[in-house]
Amino acid sequence: MTQEPPSRQTAVIAVVDDDDSVRAALESLLRASGYRVRSHSSALDFLTGEPGEAQCLVSDVQMPGMSGLQLHARLIAMGLRIPVIFITAYPEAVPAPLACLPKPFDAERLLAYIETALRQPR
4 MTQEPPSRQT AVIAVVDDDD SVRAALESLL RASGYRVRSH SSALDFLTGE PGEAQCLVSD
64 VQMPGMSGLQ LHARLIAMGL RIPVIFITAY PEAVPAPLAC LPKPFDAERL LAYIETALRQ
124 PR
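Our numbering puts the first residue of the sequence shown at 4, with every later residue one more than the last.
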């Protein structure tokens, strides 16, 4: 039996970015689009919260401490299969099978990526 994907009103999107302005803009965009948002300034902050609560993660790649790619690997090691969309000024640093949007990115494209991620079986 397959589980229905979460709706915009119930889906929790986690945002992890060390840049306050990027994080605030993403949070505003996602809330205005009907999503519930959990915002974090670092990968460690996200991991010490409730990472399993998120249905999708939007993360920067280059961050102090733990990078977005390291965060992704940690989630897999923890058994959490959360779809991750990377946003980065360095798209060449992201392996090809992972979703990546170069900064600056189009808001509608990000929202389309999130909708696709939410439809993926977990």
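Hints are computed from structural coordinates only; laboratory data are not their basis.
The structure displayed is predicted, hence computed values, not measured ones.
Ideal Cβ positions, reconstructed from N, Cα and C, are used throughout, including at glycine.
Be aware that a few hints might be false.
Derived CB-CB ranges, DEER-like [said to hold, decoys possible]: (1) ASP21 / GLU95: 16 to 22 Å; (2) THR13 / ALA96: 28 to 34 Å; (3) GLN12 / ALA92: 29 to 35 Å; (4) PHE108 / PRO67: 30 to 36 Å.
Right, here's what the structure says about each hint:
no.	hint	result
1	ASP21 / GLU95: 16 to 22 Å	20 Å, holds
2	THR13 / ALA96: 28 to 34 Å	33 Å, holds
3	GLN12 / ALA92: 29 to 35 Å	32 Å, holds
4	PHE108 / PRO67: 30 to 36 Å	22 Å, violated
Against the hints set out earlier in the document, a violation occurs for number 4 only.
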